[in-house]
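If you read the sequences in order, they're chains A and B.
Mapping of the first sequence onto my numbering: residues 1 to 357, in sequence order.
Mapping of the second sequence onto my numbering: residues 358 to 701, in sequence order.
Heads up, a few of these hints could be off.
[To be verified] For each label pair, taking beta carbons as the anchor points, the in silico distance ranges come out as:
1. 535(B) to 140(A): 37 to 45 Å
2. 418(B) to 77(A): 28 to 36 Å
3. 450(B) to 141(A): 44 to 52 Å
4. 24(A) to 543(B): 32 to 40 Å
5. 73(A) to 433(B): 47 to 55 Å
Derived by calculation from the structure, the hints in this document are not laboratory data.
The C-beta atom is built at its ideal place from N, Cα and C for all residues, glycine as well.
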Amino acid sequence: MTAQPITSPRPAADGAGEALLSVRDLTVTFGRGRKAFRAVDGVDFDVYPGQTVGLVGESGCGKSVTSLAIMGLLPGRGNTVGGRVTFAGEDLLSMPADQLRDRRGRDVAMIFQDPLSSLNPVVPLGVQVAEVIERHKGRNRSDAQQEAAAMLKKVGIPDPDRRLKEYPHQLSGGMRQRALIAMALACEPRLLIADEPTTALDVTIQAQILALLKELVSESGTALIMITHDLGVVAGLCDEVNVLYAGRIVERAQRHDLFATPRHPYTGGLLASIPRLHEERGRRLTPVPGSVSDNIPWEQGCAFAPRCANAVDVCRQQTPTLVPDRDAVGDDRLLRCHNPLTANPVDDTPTVEEDAR
Amino acid sequence: MTDHLPDTGTSPGSTGTGSGTGPAEPRRPGLAGRPGARKKERIDRLAEAGTLSEEEGVSLWQSAWRRLRRDPVFLVGAVIIAAFVVLAVIAPWIAPHDPAARLLIDQRTTSNPIPGPQPGHPLGADDAGRDMLSRLMVGARQTLIVGVLATLGGLTGGLILGTLAGGIGGWMDGVVMRIVDVMLSIPSLLMAFSLAAMFARPSQWTVILAIAIIQIPIFARLLRGSMMAQRHSDHVLAAQALGVRAPAIVFRHMLPNSVGPVIVQGTLVLAVAIIDAAALSFLGLGNPDDTQPEWGQMLGRAQQYFNTHPEVAVYPALCIIVVALGFTLMGESLREALDPKSRR
Numbered sequence: 001m002t003a004q005p006i007t008s009p010r011p012a013a014d015g016a017g018e019a020l021l022s023v024r025d026l027t028v029t030f031g032r033g034r035k036a037f038r039a040v041d042g043v044d045f046d047v048y049p050g051q052t053v054g055l056v057g058e059s060g061c062g063k064s065v066t067s068l069a070i071m072g073l074l075p076g077r078g079n080t081v082g083g084r085v086t087f088a089g090e091d092l093l094s095m096p097a098d099q100l101r102d103r104r105g106r107d108v109a110m111i112f113q114d115p116l117s118s119l120n121p122v123v124p125l126g127v128q129v130a131e132v133i134e135r136h137k138g139r140n141r142s143d144a145q146q147e148a149a150a151m152l153k154k155v156g157i158p159d160p161d162r163r164l165k166e167y168p169h170q171l172s173g174g175m176r177q178r179a180l181i182a183m184a185l186a187c188e189p190r191l192l193i194a195d196e197p198t199t200a201l202d203v204t205i206q207a208q209i210l211a212l213l214k215e216l217v218s219e220s221g222t223a224l225i226m227i228t229h230d231l232g233v234v235a236g237l238c239d240e241v242n243v244l245y246a247g248r249i250v251e252r253a254q255r256h257d258l259f260a261t262p263r264h265p266y267t268g269g270l271l272a273s274i275p276r277l278h279e280e281r282g283r284r285l286t287p288v289p290g291s292v293s294d295n296i297p298w299e300q301g302c303a304f305a306p307r308c309a310n311a312v313d314v315c316r317q318q319t320p321t322l323v324p325d326r327d328a329v330g331d332d333r334l335l336r337c338h339n340p341l342t343a344n345p346v347d348d349t350p351t352v353e354e355d356a357r
Numbered sequence: 358m359t360d361h362l363p364d365t366g367t368s369p370g371s372t373g374t375g376s377g378t379g380p381a382e383p384r385r386p387g388l389a390g391r392p393g394a395r396k397k398e399r400i401d402r403l404a405e406a407g408t409l410s411e412e413e414g415v416s417l418w419q420s421a422w423r424r425l426r427r428d429p430v431f432l433v434g435a436v437i438i439a440a441f442v443v444l445a446v447i448a449p450w451i452a453p454h455d456p457a458a459r460l461l462i463d464q465r466t467t468s469n470p471i472p473g474p475q476p477g478h479p480l481g482a483d484d485a486g487r488d489m490l491s492r493l494m495v496g497a498r499q500t501l502i503v504g505v506l507a508t509l510g511g512l513t514g515g516l517i518l519g520t521l522a523g524g525i526g527g528w529m530d531g532v533v534m535r536i537v538d539v540m541l542s543i544p545s546l547l548m549a550f551s552l553a554a555m556f557a558r559p560s561q562w563t564v565i566l567a568i569a570i571i572q573i574p575i576f577a578r579l580l581r582g583s584m585m586a587q588r589h590s591d592h593v594l595a596a597q598a599l600g601v602r603a604p605a606i607v608f609r610h611m612l613p614n615s616v617g618p619v620i621v622q623g624t625l626v627l628a629v630a631i632i633d634a635a636a637l638s639f640l641g642l643g644n645p646d647d648t649q650p651e652w653g654q655m656l657g658r659a660q661q662y663f664n665t666h667p668e669v670a671v672y673p674a675l676c677i678i679v680v681a682l683g684f685t686l687m688g689e690s691l692r693e694a695l696d697p698k699s700r701r
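This is chain B alone, in the form it adopts within the complex (with noise of 0.2 Å):
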């Protein structure tokens, strides 16, 4: 290493010896007239680099998350999230008993429909006979995929609806905005309650459909008025005054800048497609087969016997209250991060 050294110049010693290697050059007081200039020009530099610095990392979204880092609102409903995604991934494997399986179906009685709780059956078991923890847990996995599909789905309409409102314009602003405005007042849930009704044979998938059909109205509405507001704004009119097509306005330079509140949204509507998809089910509309669990489901299995035994109701609905309240929190801090005008 050490024979490098008078060669490279980086020893402070070696500078003095004028080896006539580049770094060492602007230094020298001999060369009047260019070193000036170029030392004008490393200034300037400089003085860009310290103004690039300064301003480095300050995106919208990266300003956000620095902020939801150290938000403990956030961090809950992200906590409460992660959980709830990772047990609807694993539950099939750590869950004690197969929920389908009537383990406990010789205890019941007339007198007492519901299995209590005993050993390795802690919740006890619901009105047939299967363990209730096994339930719950395995249900986290078709409430998840109820919640997020839904959501997804009236995310896609929406963004679809909301486009064609705000990026075209004018009479198809007005045709889409009138349809939406038509399926806005209706209350979400009776419509939703009327689509279910509407398939022969209720599944998963109907409620799945009648939960993002009526969260689409929501999306297209946000979506339009910030692409409203993006219509007018400068760099859009920079964008136009370049010759840039419209379609390629429309989708890159409108809809990205746009879809940040869509997406929040997004957030707050799966704690709403969860609770629709559990009202569903519990007005009768759900999946009928009850071999795979779903909270909603279970709650609606419930009401017979509410009177008697609260518990079986308490439980799912405990773990809907949760969940939602995770997608909540989570959201609204997302919100409040991503809104300028609630910056300290």
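Pulled out of the complex, with its shape left as it was, chain A reads as follows (with noise of 0.2 Å):
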């Protein structure tokens, strides 16, 4: 139980040294003045070369936001973002449009939710995966286009020559998918930035994705930063999670432990909310009361409060913390909470149908 400061860079799960990617008091307001909202509200997180970090949350609470910020790819009016954010030593947010657009694709590539409205409807699909080889390789076009017929050949398209002649509304929801993956890794970026990968895709076609980015990101030796609402997809690919909530991370882990003990009452709601298949048919699911809508302002107490079944007096009265949680199972462990869980709610949660009665 050796938790440290938050602003002090910690050891990484598989010891390596510097973070590639640090996060320091990122902020982002829309807005000015009074109707100013904070979507990212002071958020640290680090990323070492390799690791696999997920961003976990629901609607509206400042992932993608975050993920964007970073990416430097706000609209350039009506937000201010504060904070650091430093990519291999340079920072980021400061560094002029040219440079920052270079270290895109080449050093930070993104993907995004979904897969048919990223890609360009009218331009084939090789000159889309090319172009970027050619932008950051210095590629000319035939070789670009060699080049990409080989790396999605690499992303599991085949008939890849075929593919790069045809046009994005000929390809399946996967196919589509793959091909993004295949245009953000054509230049071996060193960190990845998945924003809700597999929302638009069907079930089956999800477990392909997320096997194909471990496959590649492991291989690579790509960081990765996974967005995503759904604990399915947390548990099989990432090294840490951080738990959103309004903005603000109130919970941070280990995978494993995460999954075995969760301590802040939000992410016990959202491991509750997954249906599970050992269950009794017909049982109501385990939603997370309330919705965003209830939140109160972090300022005035725990956003979560009055969503929140643990909430005691103090919750509305005055604002956690994010400290090392040290009471809970695994190193390392961040929390924002007054009063976590001590049991896995999974274990024993009353079902909505069971407290109406």
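With the hints as a guide, dock the two chains, each given alone in a separate frame, to form the complex.
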């Protein structure tokens, strides 16, 4: 149990040295003055080379905004980004736009949620994949096409030479996501950000895509930030998991520790809401009650308190801080909660139905 | 042919002989491990192929064409335009007379300035004794040239301004769009009239230029709007996330996805351009050289005799109406077919 202060870099699970990406006190505010909305509120985390880090949370908790802020892809106006994002020793947030553009795709790449709308519908796939290779590796058109074909083959697209001439609408959903992965990994980036890469796909394809990502990432030593609302995705892929709620990290743990002993009631709620096969049929799902709109501002207490079954008086009066959590299983755990869970809720959670009775 | 069969394994009987060729191998029950994997692979491939053929050929233009083929409105428009274009091309060879020759000039009197229909001249002649039918037929060519060139000119200008505004954005967007707003605030015919009047010697080219300029703001605004929509689309964001340079994003990712509505607008503007050219000619700002007939110019000349001989005005007017209608029908149905919201 050697948890350290939050701001100092912690050694990764696999013991690598310097952090590849280090995010410190990242804050994104939309609008200004009275109407300002803080979408990301002081998020800190590190990604070490080859590590897979999960950012988990429900819609609107700031997952995607975090990733766009790291990439510098937030729209130029209407938002303020604060804090520091250091990639391999360089500050991404203060970097000039053209230098940042050189980094994107070559050092840091990103995969988006909807594979159909993320591909240009009027340009053949080959041009789109080759474009990235031409741009970052300085290849000519025909060499880039060959490399693109090799890349498509690598991500499991059969008959790549034919596919290169086809348009996105001629590919199936899984194939499109594979193509996007091929584009993102074409220049062997050191960090890949995957923003809900499997949300728009059906379950069987999801498993294929996740297996592919896992394989490619471990093969090339690429670090991965996996953004998802699906703890099932986290379970199969991530080394470290950050649970976000209302723009702040509420719990951080290694994957196995998190699933063994979730400490934050929100994490517990997320785990309990996963349907399980061994339960009797007809049993109601166990959602996290309420919605994000019930939140209270972090300044007035714990934002999750109105939805929390564990909430005590202090939750509505005092803002919890992210502190090392020494009472649970596993090292390096962080927790932002006044009254954490003591038992795993998955073992005996009352369903909504039983509550109502 | 028959001696090939045992080798290639194409006949049903030859598979049982087990000649050891490639296609027969997976069916053998003996090889337990690898055929299982291969079978799985084959099923996967089949599944991929199944989804592929289902979705094949649903690109925007392809599906639009499929619906247009059965759309009577589009077909009527297309037939009119096709006939018009063919006429414009072959008119000089099929016209019964030289459109510039004053064949019936001796029939023209002060009491009857327009020689009437007669054998050899089914529609009569104009006030200079030139055969009306021949002039209408040959006039199609000038009218088409004016319409197409004016539209292309407007389209080019609109594409440049729209790409500047929508592609670069920011202050450029502001500057370009204010210029466009100023141009739009002047009534288009008034502006065309002023532009055409600025030239010392009016000609066909001044008409084309004036009409091209008044079409620019419409195209620019339309393109800028759809470029703006593309700017925030997922695939542009994805391209940015991969570090694609700004010019490539504008010209490869934004522009090709934005030109659809502009092209449709182009077919509609063709009709407007022909009508505007006729209006300018009618107002006396057209081509003064009337040896090459043009419908608008013929209409303009006819105004002096409109009280006594309305048919001189009606013939070219009818031609303009029909051709403009053809372009409008085609453009409208094209717009409808390409608009995803109107899809059934």
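Hints and how they fare:
Separated by about 42 Å at the C-beta atoms, residue 535(B) and residue 140(A) satisfy the suggested range of 37 to 45 Å. Between residue 418(B) and residue 77(A) the Cβ separation comes to about 35 Å, which falls inside the hinted range of 28 to 36 Å. Restraint check, residue 450(B) to residue 141(A): a C-beta distance of roughly 47 Å satisfies the suggested window 44 to 52 Å. Evaluation of the 32 to 40 Å hint for residue 24(A) and residue 543(B) yields a failure: the beta carbon distance comes to about 56 Å.
For residue 73(A) and residue 433(B), the Cβ-Cβ distance of about 49 Å falls inside the hinted range of 47 to 55 Å, so the restraint holds.
Against the hints set out earlier in the document, a violation occurs for number 4 only.
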